[in-house]
Amino acid sequence: MTPTLSQVSKGDQLPELSISVTRGDLVRYAGASGDFNPIHYSGAFAQEVGLPDVIAHGMLTMALATRLVTDWLGDPGRIIEHGVRFTRPVVVPDDENGARVELSGKVVSVDEEDGTAKLNLTAKCAGQGVLGGAYALVRLS
1 MTPTLSQVSK GDQLPELSIS VTRGDLVRYA GASGDFNPIH YSGAFAQEVG LPDVIAHGML
61 TMALATRLVT DWLGDPGRII EHGVRFTRPV VVPDDENGAR VELSGKVVSV DEEDGTAKLN
121 LTAKCAGQGV LGGAYALVRL S
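Residue numbers (our numbering): 1 to 141.
Treat the hints with caution; some may be incorrect.
Unchecked claim - 35 angstroms max Cα-Cα, derived DSBU-like pairs, lysine-lysine:
(1) LYS10 x LYS118
(2) LYS106 x LYS10
(3) LYS10 x LYS124
(4) LYS106 x LYS118
(5) LYS124 x LYS106
These are calculated hints, taken from the structure and not from any lab test.
Quick caveat, the model's predicted, so the values are computed rather than measured.
Produce the entire structure from the sequences given, and follow the hints as far as they go.
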């Protein structure tokens, strides 16, 4: 159910979301996006270029943050603007558990005149932030 303008206040927290990203997810994302950079599937190559191991696609990590917003909104068409900076890679181990990405969000402002709210988003993996300046501007009903 889409939250209405009258139901949302500055300081409200979005329901937290925890998602496991596995190497299989990276393969599926590579197929869908066309991004077959070997840093996303070859541990040897990733280490050769200075990474600790295979990393998730940055845009996949951004998509997970977007999912937090769309799950809360109930309608992805209500996202007006969305942005992030990639600050740290999500290292994905070669096991069945993968990497756990913890997502949270907070309403930082509500503009009653134009029916919008600005959300600040947080994405962490292994206790460290992986996105910086992540936000979404959404239209509320």
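ask   = When the hints from earlier in the document are held up against this structure, which numbers fail?
value = none
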